[in-house]
Amino acid sequence: MNNTISAVDSKVSCYHCGNDCKDEDIKEDEKHFCCSGCFTVYDILKDNNLCGYYDLNTNAGISLKSKNFKGKFNYLAEKNIEAELLSFHDEHIAKVILNVPSIHCSSCVWLLENFPKILKGVISARLNFVKKELALDFDPNLVSLKEIVELMTTLGYEPQINLESTGKPKVIDYETRRLLFKIGVTGFCAGNIMMMSFPEYFNLDLANQLDATYQKFFLYFNFILALPVFFYGASDYLKGAYYSIVENSKGNSKILSVDIPIALGISALFLRSTFQTLVLQTAGYWDSMAGLVLFLLVGKWVQKVTFNYLSFDRSFKSYFPLAVKVKNESLQYKNVNDLAKGDIFIIHHQELIPTDAVLLNGNALIDYSFVTGEAKPIKKLKGETVFAGGRQVAEQIELLVQKPVSTSYLTQLWNNESFLKEKKIPTTELANAFSKYFTYLTISIAILVGIYWKFNDPSLIWPSVTAVLMVACPCALTLSLPFTMNATMSIFGKNRFFVKNQGVIQQLSEIDTIVFDKTGTLTEANKGEVRWVGDLNKQDERLVYTVVSQSVHPLSKLVASHLSQNSPLEINYIFEVKGQGIEAIVAGISVKVGRLDFVNGQANDAQDSEVHVSIADDYKGFFTIEPRFRPNWKVLLANFKKTFELALLSGDNNKMQDFLKPIFGLNMRFNQTPQDKLDYIKELQSEGNKVLMIGDGLNDAGALRESKIGIALTEDVQAFSPSCDAILDANKFENLAEYVGFSKTALNIVKLSFLLSVVYNIIGVGWAASGNLSPVLAAIFMPLSTLSVVFFAVGLTWLMAHIRKLI
Amino acid sequence: MEVIIILVILAILIAGSFLVAFFWATKDGQFDDTFSPSVRILIDNERDENKKH
Numbered sequence: 001m002n003n004t005i006s007a008v009d010s011k012v013s014c015y016h017c018g019n020d021c022k023d024e025d026i027k028e029d030e031k032h033f034c035c036s037g038c039f040t041v042y043d044i045l046k047d048n049n050l051c052g053y054y055d056l057n058t059n060a061g062i063s064l065k066s067k068n069f070k071g072k073f074n075y076l077a078e079k080n081i082e083a084e085l086l087s088f089h090d091e092h093i094a095k096v097i098l099n100v101p102s103i104h105c106s107s108c109v110w111l112l113e114n115f116p117k118i119l120k121g122v123i124s125a126r127l128n129f130v131k132k133e134l135a136l137d138f139d140p141n142l143v144s145l146k147e148i149v150e151l152m153t154t155l156g157y158e159p160q161i162n163l164e165s166t167g168k169p170k171v172i173d174y175e176t177r178r179l180l181f182k183i184g185v186t187g188f189c190a191g192n193i194m195m196m197s198f199p200e201y202f203n204l205d206l207a208n209q210l211d212a213t214y215q216k217f218f219l220y221f222n223f224i225l226a227l228p229v230f231f232y233g234a235s236d237y238l239k240g241a242y243y244s245i246v247e248n249s250k251g252n253s254k255i256l257s258v259d260i261p262i263a264l265g266i267s268a269l270f271l272r273s274t275f276q277t278l279v280l281q282t283a284g285y286w287d288s289m290a291g292l293v294l295f296l297l298v299g300k301w302v303q304k305v306t307f308n309y310l311s312f313d314r315s316f317k318s319y320f321p322l323a324v325k326v327k328n329e330s331l332q333y334k335n336v337n338d339l340a341k342g343d344i345f346i347i348h349h350q351e352l353i354p355t356d357a358v359l360l361n362g363n364a365l366i367d368y369s370f371v372t373g374e375a376k377p378i379k380k381l382k383g384e385t386v387f388a389g390g391r392q393v394a395e396q397i398e399l400l401v402q403k404p405v406s407t408s409y410l411t412q413l414w415n416n417e418s419f420l421k422e423k424k425i426p427t428t429e430l431a432n433a434f435s436k437y438f439t440y441l442t443i444s445i446a447i448l449v450g451i452y453w454k455f456n457d458p459s460l461i462w463p464s465v466t467a468v469l470m471v472a473c474p475c476a477l478t479l480s481l482p483f484t485m486n487a488t489m490s491i492f493g494k495n496r497f498f499v500k501n502q503g504v505i506q507q508l509s510e511i512d513t514i515v516f517d518k519t520g521t522l523t524e525a526n527k528g529e530v531r532w533v534g535d536l537n538k539q540d541e542r543l544v545y546t547v548v549s550q551s552v553h554p555l556s557k558l559v560a561s562h563l564s565q566n567s568p569l570e571i572n573y574i575f576e577v578k579g580q581g582i583e584a585i586v587a588g589i590s591v592k593v594g595r596l597d598f599v600n601g602q603a604n605d606a607q608d609s610e611v612h613v614s615i616a617d618d619y620k621g622f623f624t625i626e627p628r629f630r631p632n633w634k635v636l637l638a639n640f641k642k643t644f645e646l647a648l649l650s651g652d653n654n655k656m657q658d659f660l661k662p663i664f665g666l667n668m669r670f671n672q673t674p675q676d677k678l679d680y681i682k683e684l685q686s687e688g689n690k691v692l693m694i695g696d697g698l699n700d701a702g703a704l705r706e707s708k709i710g711i712a713l714t715e716d717v718q719a720f721s722p723s724c725d726a727i728l729d730a731n732k733f734e735n736l737a738e739y740v741g742f743s744k745t746a747l748n749i750v751k752l753s754f755l756l757s758v759v760y761n762i763i764g765v766g767w768a769a770s771g772n773l774s775p776v777l778a779a780i781f782m783p784l785s786t787l788s789v790v791f792f793a794v795g796l797t798w799l800m801a802h803i804r805k806l807i
Numbered sequence: 808m809e810v811i812i813i814l815v816i817l818a819i820l821i822a823g824s825f826l827v828a829f830f831w832a833t834k835d836g837q838f839d840d841t842f843s844p845s846v847r848i849l850i851d852n853e854r855d856e857n858k859k860h
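First to last, the sequence lines map onto chains A and B. Numbered per the working numbering, the first sequence finishes at 807, counting up by one with no gaps. Numbered per the working numbering, the second sequence finishes at 860, counting up by one with no gaps.
These are computed hints drawn from the structure, not numbers from a lab. Keep in mind that a hint or two might mislead.
FRET-style restraints, in silico, Cβ to Cβ [stated by the list, open to error]: (1) B:842 with A:766: 44 to 54 Å; (2) A:252 with B:814: 48 to 58 Å; (3) B:824 with A:216: 19 to 29 Å; (4) B:837 with A:55: 41 to 51 Å; (5) A:55 with B:842: 48 to 58 Å; (6) A:685 with B:824: 37 to 47 Å; (7) B:837 with A:657: 54 to 64 Å; (8) A:803 with B:824: 42 to 52 Å; (9) B:834 with A:731: 33 to 43 Å; (10) A:175 with B:814: 33 to 43 Å; (11) A:201 with B:849: 11 to 21 Å; (12) A:671 with B:849: 48 to 58 Å; (13) A:493 with B:832: 41 to 51 Å.
Calculated lysine-lysine pairs in the DSSO-like style (CA-CA distance at most 27 Å, straight line) [as the list claims (entries may be wrong)]: (14) A:732 with A:304; (15) A:79 with A:120; (16) A:131 with A:72; (17) A:436 with A:300; (18) A:239 with B:834; (19) A:117 with A:72; (20) A:239 with A:250; (21) A:31 with A:72; (22) A:436 with A:146; (23) B:834 with A:317; (24) A:744 with A:655; (25) B:834 with A:304; (26) A:254 with A:690; (27) B:834 with A:131; (28) B:834 with A:95.
Every residue gets a Cβ at the ideal spot worked out from N, C-alpha and C, and that includes glycine.
Please work from the sequences and hints to get the whole structure.
See the structure below:
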């Protein structure tokens, strides 16, 4: 192999993850690493002779900067917790399926499937890339699940383990498999029927003994092949039509399913062809029928194609931890579902509180931003109730369980009726709307044609009536919708906007009201604009920078990046009180940074989004961190305002009210609980509005569910997002208006292709009514009309996407 | 010349065996994950460190 070395970059990038080695540069074997984490992975791989990892893709690794998981997986050492995750175990073998969201390239497959070489005791490893699942078999005598998970995390492949993880094997999608079987059988039969139909089309000479033998043979051969197509391949349409007719005759439903005209067409084809084969002994329309059913089934399959590596139906369970440390008689881990009133449990720094509890011990500073939308952490005192879903940002605390998880204040939301019933997303509504007129129209034309021929040439009654029903089959009509939507879905996918299914695109084109969440949606999560209030000279700035650059607290990090043009000084002493602040002696001067009560020594109700500073015991002022709005958010909202009603729902306080008033007017609500949000959406929709809700956190889960379309905004599409209809990458937030606009274009394309197929039908029915539709003509006309409509719709969709610069 | 009839039946039987193979593959879950096998085939069993380019 001939590797040419490209021009040497001025910056050094990490051999493992490809990041810039800016802060740290570890050199080994003439390779550079950006952090000790990346170096460790390289070292492990080298020891195990697995450096082929880097040959498959350069810089394949996952950045391990600032990853600290020590003790995070201790709960897996508990035998009963481990057993819950295993799908099978006996004395010699244990099986587990782990969900690994960070899998992204072929190197990942290579490394993870070579896992048995790295860790003794792992028997086999098999990866499903599409579902991002790793199936492991291991010997429980040699290695434990905890060791496996810890090594995977070290390598950058942290498995996702949460309250939803169980050892139960995943359900296989039998419905899709059945459809594949049907496509297989129908495709097989259709291909063979087409081949066997050719001799007849090329005018066999029936006076010739030999030709006559062949003609008979092909006739019955096609008939036999057509039986599975009709009775197996088309069974869904026949059943669907039957149920729709039954429901209509009972008066339960007024919608005529699109299955009815389809079944009518297929049945007409089958009966007419059977009659021709068995009675007249001339070629039937078998190839038209088989081709039609095959197209329909392929359309059905296309409709099912989704982003199956994304999860749209997550509840609070995938956000909650699997186990917490419980301190009853002894210290041990307990499954969160089994927590009972009276249990005392321990929560560490950055861990999540799984249920409503009373604070017994320690300093609680709880970040509820994901749950309530409240931007700043809340301080809790001993004896106060702490609600589930918050994240502890100060040090370790002890809590007393008040309620089991399923009945806690937060999880009650999921008992709301909107979560109990399946969200109805119509996939065939548009086609059904058409089919109503279509069915009646087809039947009336057929009857009129029959009456006409009765008086003119009775021998043509049946040929013309069946031909009308055959040709009028709305095949192109039913296919243009799934194919157009499929193209739209993949165009959206390329733009990091992932919709749950095709029905969502249709719904999206119908909305008239858009409701936004504030924290994390309009503003960026964990990011803020830093502003200094007070007096600070250059030397002081250096002192403060030196101190805050030592801390991993989010506020410290923000301040540090704000002051990053400074260079650090020598530190004599530094101590961080978690959730309070940092005290330090830098270059001989004492510096205190943190909450006002920490810096100033006096208690007060200071803002938590402020970082106060004192230097040499002299109070200097504070940094205030204001939420930063997403880039171009004003442009986006101004765009939306032209056509949609806008509203804002925030779990946060109303500090921003005046600022946001020009955009939202009076449609703003603050201090909203998750339930309030849900109720507001319900109220809007009961007034007849079609609501699009955009949110990011658990606090929006109810509103996302209740609204017609719920879009979850997320920084990382693989990470947790609440149950929703679509997931939007936060970086693409500003393009949302274009996506909504394009969904309308897609719907118009579908309607246009409906029109085209109607034109085809008029031509076809004209032919059919004259009684001149021969099998060969049908065999050419029917597939050609279907294919041209599908190509028209798909091509136009991509063309429009290209014009609008979406691809 | 009935041989063509025999040939057609034979051909259909052979094609039918592929249909059965398709059923088998679907049941076995071959179409559940269409990416990883394409990578798996590239993985060498043992690598020689000296062979590095």
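For each hint, the structure was consulted:
Taking 44 to 54 Å as the suggested C-beta distance range, the pair residue 842 of chain B and residue 766 of chain A conforms, at roughly 49 Å. Taken as a hint, the range 48 to 58 Å holds for the pair residue 252 of chain A and residue 814 of chain B, whose Cβ atoms sit roughly 54 Å apart. At about 26 Å, the beta-carbon gap between residue 824 of chain B and residue 216 of chain A stays in the expected band of 19 to 29 Å. In this structure, residue 837 of chain B and residue 55 of chain A break the distance hint of 41 to 51 Å, their C-beta atoms being roughly 27 Å apart.
The hint said 48 to 58 Å for the Cβ distance between residue 55 of chain A and residue 842 of chain B, and at roughly 19 Å that hint is violated. Look at residue 685 of chain A against residue 824 of chain B: about 56 Å separates their beta carbons, and that is not inside 37 to 47 Å. Checked against the hint of 54 to 64 Å, the C-beta distance between residue 837 of chain B and residue 657 of chain A comes to roughly 58 Å, which is consistent with it. Distance hint check: the CB atoms of residue 803 of chain A and residue 824 of chain B are about 48 Å apart, consistent with the given range 42 to 52 Å.
At about 41 Å, the CB distance of residue 834 of chain B to residue 731 of chain A agrees with the hint of 33 to 43 Å. Judged by the Cβ atoms, the range 33 to 43 Å given for residue 175 of chain A and residue 814 of chain B holds: they are separated by roughly 38 Å. With their beta carbons about 47 Å apart, residue 201 of chain A and residue 849 of chain B fall outside the hinted range of 11 to 21 Å. Between residue 671 of chain A and residue 849 of chain B, the C-beta spacing of about 56 Å keeps the proposed range 48 to 58 Å intact.
The given range of 41 to 51 Å is broken by residue 493 of chain A and residue 832 of chain B, whose C-beta atoms sit roughly 27 Å from each other. For the hint linking residue 732 of chain A to residue 304 of chain A, the alpha-carbon distance of about 25 Å falls within 27 Å, and the restraint holds. Between residue 79 of chain A and residue 120 of chain A the alpha-carbon distance is near 20 Å, which keeps this suggested pair within the 27 Å criterion. Straight-line distance between C-alpha atoms of residue 131 of chain A and residue 72 of chain A comes to about 25 Å, which keeps the hinted pair within the 27 Å bound.
Under the criterion of a C-alpha separation no larger than 27 Å, the hint pairing residue 436 of chain A with residue 300 of chain A is consistent with the structure, at around 20 Å. In summary, the hint linking residue 239 of chain A to residue 834 of chain B is supported, as the alpha carbons are separated by about 25 Å, within the 27 Å threshold. At roughly 25 Å between alpha-carbon atoms, residue 117 of chain A and residue 72 of chain A fall within 27 Å of each other, so this suggested pair holds. At most 27 Å may separate the alpha-carbon atoms for a hinted pair to count; residue 239 of chain A and residue 250 of chain A meet this at roughly 16 Å.
Our distance criterion of 27 Å between C-alpha atoms is broken by residue 31 of chain A and residue 72 of chain A, whose separation comes to about 31 Å. Restraint check for residue 436 of chain A and residue 146 of chain A: not satisfied, since their Cα atoms lie roughly 60 Å apart, outside the 27 Å limit. A distance of roughly 32 Å separates the Cα atoms of residue 834 of chain B and residue 317 of chain A; the hinted pair therefore is violated under the 27 Å criterion. Simply put, residue 744 of chain A and residue 655 of chain A have alpha-carbon atoms about 36 Å apart, too far for the 27 Å limit, and the pair is violated.
A threshold of 27 Å between alpha carbons decides the hint, and for residue 834 of chain B with residue 304 of chain A the separation of about 18 Å falls inside it, so the pair holds. Restraint check: the Cα-Cα separation between residue 254 of chain A and residue 690 of chain A comes to about 23 Å, which is no more than 27 Å; the hinted pair holds. Taking the CA atoms of residue 834 of chain B and residue 131 of chain A, the gap is about 18 Å. The hint holds against a cut of 27 Å. Under the criterion of a C-alpha separation no larger than 27 Å, the hint pairing residue 834 of chain B with residue 95 of chain A is consistent with the structure, at around 22 Å.
In this structure, the hints that do not hold are numbers 4, 5, 6, 11, 13, 21, 22, 23 and 24, in rising order.
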